[in-house]
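Asker: Using the sequences plus the hints, can you model the full thing?
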Amino acid sequence: MAKVHYLDPIDYLSGKITKRHRTIYCYRYAIDLRYTTVHTTPTVAPTAAQLASNAKFRQAAQQTNTIMADVSQVQTYSTQWRAHMQTAHPRYRTLRGFIFAKVYLTL
Numbered sequence: 001m002a003k004v005h006y007l008d009p010i011d012y013l014s015g016k017i018t019k020r021h022r023t024i025y026c027y028r029y030a031i032d033l034r035y036t037t038v039h040t041t042p043t044v045a046p047t048a049a050q051l052a053s054n055a056k057f058r059q060a061a062q063q064t065n066t067i068m069a070d071v072s073q074v075q076t077y078s079t080q081w082r083a084h085m086q087t088a089h090p091r092y093r094t095l096r097g098f099i100f101a102k103v104y105l106t107l
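Numbering follows the working numbering, in which position 29 of the sequence shown is assigned residue number 29; successive positions increment by one, without gaps.
Keep in mind the hints are simulated off the structure, nothing from the lab. Ideal Cβ placement from N, Cα and C applies to all residues, glycine included. Hints may contain errors.
Unchecked claim - DEER-style ranges, computed between Cβ atoms:
(1) Gly97 <-> Val71: 16 to 22 Å
(2) Arg28 <-> Val74: 27 to 33 Å
(3) Met1 <-> Ala55: 57 to 63 Å
(4) Gln62 <-> Thr41: 23 to 29 Å
(5) Arg22 <-> Tyr104: 30 to 36 Å
(6) Thr47 <-> Val74: 34 to 40 Å
(7) Cys26 <-> Tyr104: 33 to 39 Å
(8) Val74 <-> Thr40: 34 to 40 Å
(9) Asp32 <-> Gln80: 38 to 44 Å
(10) Tyr12 <-> Thr43: 27 to 33 Å
(11) Val71 <-> Arg91: 23 to 29 Å
To be verified - Here are the simulated lysine to any residue pairs, SDA-like style, with alpha carbons at most 20 Å apart:
(12) Lys16 <-> Arg34
(13) Lys16 <-> Tyr29
(14) Lys102 <-> Tyr77
(15) Lys102 <-> Ala55
(16) Lys56 <-> Ile67
(17) Lys102 <-> Gln63
(18) Lys56 <-> Val103
(19) Lys102 <-> Thr87
(20) Lys102 <-> Asp70
Answerer: Laid out in structure tokens, this is it:
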């Protein structure tokens with residue numbers, strides 16, 4: 001018995017349909033996944049652990065920007081990143097992401 005696959009008139013949507021709608025349509029190309037989400041504002045204050053995590057992320061982002069502005073530091077990270085890209089399964093595809101991960105681990 002044959003299986004029938006109906007084609008949608010629109011393959012996928014990404015983003016909001018209009019500014020008034022709350023629903024956000026998402027599409028992950030790498031794994032061909034379609035889903036929706038709704039961003040809501042939190043009703044409770046953030047916990048101490050959440051505030052600490054946000055502060056750590058903010059500090060790592062600031063240090064990453066400082067490193068990216070300094071050519072000598074970028075060169076050292078660049079050689080490490082190129083060696084990382086030669087591995088079988090590189091985890092960090094961009095230099096900025098690689099630097100951020102290294103800085104975040106040191107905090």
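Asker: Evaluate each hint against the coordinates.
Answerer: Going through the hints against the structure:
A C-beta distance of roughly 19 Å is found between Gly97 and Val71, which places it inside the suggested range of 16 to 22 Å. Separated by about 31 Å at the C-beta atoms, Arg28 and Val74 satisfy the suggested range of 27 to 33 Å. Taking 57 to 63 Å as the suggested C-beta distance range, the pair Met1 and Ala55 conforms, at roughly 59 Å. Here the CB-CB span from Gln62 to Thr41 is close to 26 Å, well matched to the stated 23 to 29 Å.
Between Arg22 and Tyr104 the Cβ separation comes to about 32 Å, which falls inside the hinted range of 30 to 36 Å. For Thr47 and Val74, the hinted distance range of 34 to 40 Å is satisfied, since their beta carbons lie about 36 Å from each other. In this structure the supplied range 33 to 39 Å is violated for Cys26 paired with Tyr104, their Cβ-Cβ distance being about 25 Å. With their beta carbons about 39 Å apart, Val74 and Thr40 fall inside the hinted range of 34 to 40 Å.
Against the hinted window of 38 to 44 Å, the Cβ-Cβ separation of Asp32 and Gln80 comes to about 33 Å, which falls outside the hint. Evaluation of the 27 to 33 Å hint for Tyr12 and Thr43 yields a pass: the beta carbon distance comes to about 31 Å. Separation of Val71 from Arg91 is about 25 Å and conforms to the stated range, judged on CB atoms against 23 to 29 Å. A threshold of 20 Å between alpha carbons decides the hint, and for Lys16 with Arg34 the separation of about 14 Å falls inside it, so the pair holds.
For the hint linking Lys16 to Tyr29, the alpha-carbon distance of about 17 Å falls within 20 Å, and the restraint holds. Note on Lys102 and Tyr77: the hinted pairing holds, with a Cα-Cα distance of about 9 Å set against a maximum of 20 Å. Of the pairs offered as hints, the one joining Lys102 and Ala55 holds, with about 17 Å between alpha carbons and a cut-off of 20 Å not exceeded. For the suggested pair Lys56 and Ile67, the alpha carbons sit about 16 Å apart, so the restraint of at most 20 Å is met.
At roughly 11 Å between alpha-carbon atoms, Lys102 and Gln63 fall within 20 Å of each other, so this suggested pair holds. A distance of roughly 10 Å separates the Cα atoms of Lys56 and Val103; the hinted pair therefore holds under the 20 Å criterion. Taking the CA atoms of Lys102 and Thr87, the gap is near 17 Å; set against the 20 Å cutoff, the hint holds. About 16 Å separates the Cα atoms of Lys102 and Asp70, which keeps this hinted pair within 20 Å; it holds.
Violation of the numbered hints given earlier is confined to hints 7, 9; the remaining hints are satisfied by the structure.
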